[in-house]
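In my numbering, the protein residues as written are 35 to 314.
Keep in mind the hints are simulated off the structure, nothing from the lab. Keep in mind that the hints are not guaranteed to be accurate.
With a straight-line Cα cutoff of 25 Å, these simulated SDA-like cross-link-like pairs (lysine to any residue) come out [claimed, not checked]:
#1 K167 <-> Q285
#2 K206 <-> S115
#3 K172 <-> R153
#4 K167 <-> I87
#5 K107 <-> E89
#6 K206 <-> T123
#7 K165 <-> S115
#8 K98 <-> P291
#9 K82 <-> K98
#10 K167 <-> K130
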Amino acid sequence: MSGKASSRKEAAEKEQEQPFRDLGEATYRVTLPVFEGPLDLLLHLVQKHELSITELPVSFVTEKYLEYLALMKELQIDIASEYLVMAATLAHLKSKTLLPPDPRQDGDDGDSLEELDPREELIRRLLQYQKYKDAAEKLGAREVAGRDVFVRPPVPVQASGDGPLAEFSVFKLIEAFQSVLSNAKVKIQHEVTADRITITERIHELVEVMRLRPRMLFEEIFDGATTRFDYVITFLAMLEMTRLRMTRVYQSEPYAPIHIELAVTDEEGLAAARARLPQS
């Protein structure tokens, strides 16, 4: 009896993981241009965990970086080769920081001391990237100001009484999904059905819901989801809608609730957005 119980438990665990494998066959991959590269992810990790770039803890950052890559792979998000190169670089730096210093480099001249820190080049690149990113954000703010003045007025949105909202990193969105998934009461399916909803079909459903509620909390888009597959397919549909500029994702301040709002509300705009979706 214990052997049968163990077999049932293993089958249930495999079924929990099955939706991720099924996505590759039943739907299509999601490629997000908003991922700006491995340095952007590293900078996000540094800021999230309130780390000092100049005192970069390589072991900790490497662990968190690899966790992100694993989740991106599970979600069928295409990982550019640059991310894998950075993963190898971090692993190499981690190994070098764990090794004892080479006694042959303990010369009398002080120049060799600068070579003992293998993080130096990565730290320099991160500081430089942060500098350029800050400058790009300032230039982007000017572009928005000009766009608001010279192009057609924005589509009115039925906003609630919330304060001003600001766009934020997609990495935070992935973290929010991790939190939703970990807190969800997911049912384990014992029968794998062939006819599962696709990302395109889920997008059509979300559009109809959001036409009645143009702004929703991030957690609310998962209302009605009961299985792990439901949660994953809904999240991927929301990412695809954001990529196609059908929705906007905002947050009023760090750690505040995340809002999703419909960016296109007119029939012509929705029809044009739907035309860019892969056929179900």
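Query raised in the report: Going back to the hint list, which numbers does this structure go against?
Result: Hints 3, 5 and 10 not satisfied by this model.
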